[in-house]
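S.K.: Taken in order, these protein sequences are the chains called U and H. Under our numbering, residues 7 to 373 are what the first sequence spells out, in order. Under our numbering, residues 7 to 373 are what the second sequence spells out, in order.
Mixed in with the good hints, there may be bad ones.
Since the list gives no way to pick out one identical chain from another, each pair is judged satisfied if it fits inside one copy or across any two copies.
[Claimed, not checked] Here are the simulated lysine-lysine pairs, DSS-like style, with alpha carbons at most 30 Å apart: (1) K73 <-> K288; (2) K307 <-> K288; (3) K31 <-> K307.
To be clear, the hints were calculated from the coordinates, so they are not data collected in a lab.
Number of protein chains: 2
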Amino acid sequence: MSMLSRSRRLRETPFTEGVEREGVKAYTVYNRMLLATVFESVEADYRHLKEHVQVWDVSCERQVELKGPDASELMRRLTPRNLDKMQDDQCYYVPIVDETGGMLNDPVAIKHSDDRWWISIADSDLLFWVKGLALGAGLDVNVFEPDVSPLAIQGPKADELMARVFGDEVRDIRFFRYKRLLFQGTSFVVARSGYSKQGGYEVYVEGGTCGMPLWNALFEAGADLNVRPGCPNLIERIESGLLSYGNDMTMENTPMECGLGKFCNPTEDSDHTGLAAMKREKESGPVQQIRAISISGDAVKPPTAAWPLMKDGMKVGQVTSAAWSPDFKTNVAIGMVDAKYWDAGMQLTVETSEGIRSAVVQQSFWN
Amino acid sequence: MSMLSRSRRLRETPFTEGVEREGVKAYTVYNRMLLATVFESVEADYRHLKEHVQVWDVSCERQVELKGPDASELMRRLTPRNLDKMQDDQCYYVPIVDETGGMLNDPVAIKHSDDRWWISIADSDLLFWVKGLALGAGLDVNVFEPDVSPLAIQGPKADELMARVFGDEVRDIRFFRYKRLLFQGTSFVVARSGYSKQGGYEVYVEGGTCGMPLWNALFEAGADLNVRPGCPNLIERIESGLLSYGNDMTMENTPMECGLGKFCNPTEDSDHTGLAAMKREKESGPVQQIRAISISGDAVKPPTAAWPLMKDGMKVGQVTSAAWSPDFKTNVAIGMVDAKYWDAGMQLTVETSEGIRSAVVQQSFWN
Chain U
7 MSMLSRSRRL RETPFTEGVE REGVKAYTVY NRMLLATVFE SVEADYRHLK
57 EHVQVWDVSC ERQVELKGPD ASELMRRLTP RNLDKMQDDQ CYYVPIVDET
107 GGMLNDPVAI KHSDDRWWIS IADSDLLFWV KGLALGAGLD VNVFEPDVSP
157 LAIQGPKADE LMARVFGDEV RDIRFFRYKR LLFQGTSFVV ARSGYSKQGG
207 YEVYVEGGTC GMPLWNALFE AGADLNVRPG CPNLIERIES GLLSYGNDMT
257 MENTPMECGL GKFCNPTEDS DHTGLAAMKR EKESGPVQQI RAISISGDAV
307 KPPTAAWPLM KDGMKVGQVT SAAWSPDFKT NVAIGMVDAK YWDAGMQLTV
357 ETSEGIRSAV VQQSFWN
Chain H
7 MSMLSRSRRL RETPFTEGVE REGVKAYTVY NRMLLATVFE SVEADYRHLK
57 EHVQVWDVSC ERQVELKGPD ASELMRRLTP RNLDKMQDDQ CYYVPIVDET
107 GGMLNDPVAI KHSDDRWWIS IADSDLLFWV KGLALGAGLD VNVFEPDVSP
157 LAIQGPKADE LMARVFGDEV RDIRFFRYKR LLFQGTSFVV ARSGYSKQGG
207 YEVYVEGGTC GMPLWNALFE AGADLNVRPG CPNLIERIES GLLSYGNDMT
257 MENTPMECGL GKFCNPTEDS DHTGLAAMKR EKESGPVQQI RAISISGDAV
307 KPPTAAWPLM KDGMKVGQVT SAAWSPDFKT NVAIGMVDAK YWDAGMQLTV
357 ETSEGIRSAV VQQSFWN
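Looking at chain U on its own, in the form it has when it is part of the complex (with noise of 0.2 Å):
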């Protein structure tokens, strides 16, 4: 770790004073903005998450709103993903790509309604994109990011929690669909999602004033769930599968490299940026794609540049998330595999910061 400068350009959020408070170890820079990586240790905020509630500051997933007559004509420019089916209470996962088939960033998708979307944003300034695009291509649409703090709430306690808050209503909110409820006599965008596989929620919050009283009200209400603070959490992502912008994909990897190929099914009349590229490596194939990938020996400190994945002396992948895991007693990683050395079972070594270690190729990730 290093320590972090703080200015007005690292954003704070409308709940850093709770994520403070509660005693926050560390912080990565997402977005501009101020993202908790640690309360207690990452493994003991990872052994809580998996068995009580978690309360997570993802303001950084800044959203980006698309308003106005072409607003679902937009959208369907900007991913490769198939909308027509797409309901007004639903979110969808959509690779953005550009004219190389090049990923942008892999958001979550909101529909309000026809002429209303939120995207809601991994680590890069997507605005700058959509609003070029539209622009450029002359479309009537609004295109800014809206003051909205998305609020998470996760683990296997998180509907009991949210039940309590929000009302029995949330249990009925079926997976990536969202329901708009009240807190305090303000309606919120209430969808169940988040960056974790332990079940849960994100609260979409509108402006800065509700987000202590929200923040202090789920933890009045879940002192006896055993409610903390929490945050994406490295081991349990990686145990998952849950990919990162900016480690394990960037603008250089392709959605069908990553395994987003299912996201990828465009309309017959589709005209989405990248439609082009992506036709000619679905024909092709990609020539590397994400993999689960577990490392021999004791706990390795994550990685901070990629290490290479070698076979032979050769150079034939790297790994860009990494870490230990408690439940499956491997160091549990994400890595980009060449071709002819993605199948499961392969024997690699990999070139860690503390030397090397073998590596072998997994079937699935563990989650």
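Fit chain H to the supplied structure of chain U, relying on the hints for placement.
M.R.: Using the frame of chain U, we list chain H on its own:
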């Protein structure tokens, strides 16, 4: 200060090895890349910068390359600045605005030729805007982030140090001009520029392999000049009125609000984005503008969020950067002030995180 969790997403640079070896004490994150903020202490680094020479890893000033027949046409659409007389060895500070006149970035453009430009960016993904705009407008130009990492050599002894490494030719480079000069047989763009007013250069290091050899050569050649590692210095940049995108201005602000009106002189036939919005603002004048502000009392702790500027109980602006200046024996600050209150000598109060102080609008910055 807080702790920073490192990951691949917060990119290391070709010089990170040197920065860490020299004992960096803290980082910020800029364009998803590590940028040092402190070596000895902010005050000691400041004193040294003003008297000797420093080597700064500013790789985070990523480049956006425009290459192709329409590169200059795209540049003209991007900025309100008149580029007609710009020569092939010049660097221009070019505000980039969206269709509402809001600033997306305040980079330095480097002209290689009519069909090849670099834009050396502040902290936002300008690449996405430029790509989106080029695609939308159907321009024949390739837009990408090349593998270029600027290294700045700043301070009064920068000429001497650079002459020892690149030859006496560097002394002839005029302000905001560049030459291609050799280091160990490789040619680099060397510009007389940098994010301080203590004089110096920026070397645009192409590729990673020359990074540490150049870093080491500068430290070896400068031992008797008291060369040290450094970084943009909070105190010096405020004294000098060097604005920081994300701190002192955001998308919410126009170039005129930022005092950058002199860089907004489009040609008669310009069709740059934001022209209409900018014309409206020129007629009415900006409603607020950036000012140098002194804050009374002993040293303030630099702000991590905007501090309200007040007059008679009413908010009339905000302070976004502030630090104690050892040379001017006052807290120097940068703020945005409403038109009625921006005249030099205006007495205001500022709500710092540690209490209310008196503040005075200055005629000009300190340096």
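S.K.: So, for every hint listed, does it hold in this structure?
M.R.: We went through each hint and held it up to the structure:
In this homomeric assembly, K73 and K288 come within 30 Å of each other (Cα to Cα) only across copies, at 28 Å, whereas the closest approach inside a single copy is 33 Å. For the identical chains of this complex, K307 and K288 are neighbours neither inside a copy (36 Å) nor across copies (55 Å), given an alpha-carbon limit of 30 Å. For the identical chains of this complex, K31 and K307 are neighbours both inside a copy (18 Å) and across copies (21 Å), given an alpha-carbon limit of 30 Å.
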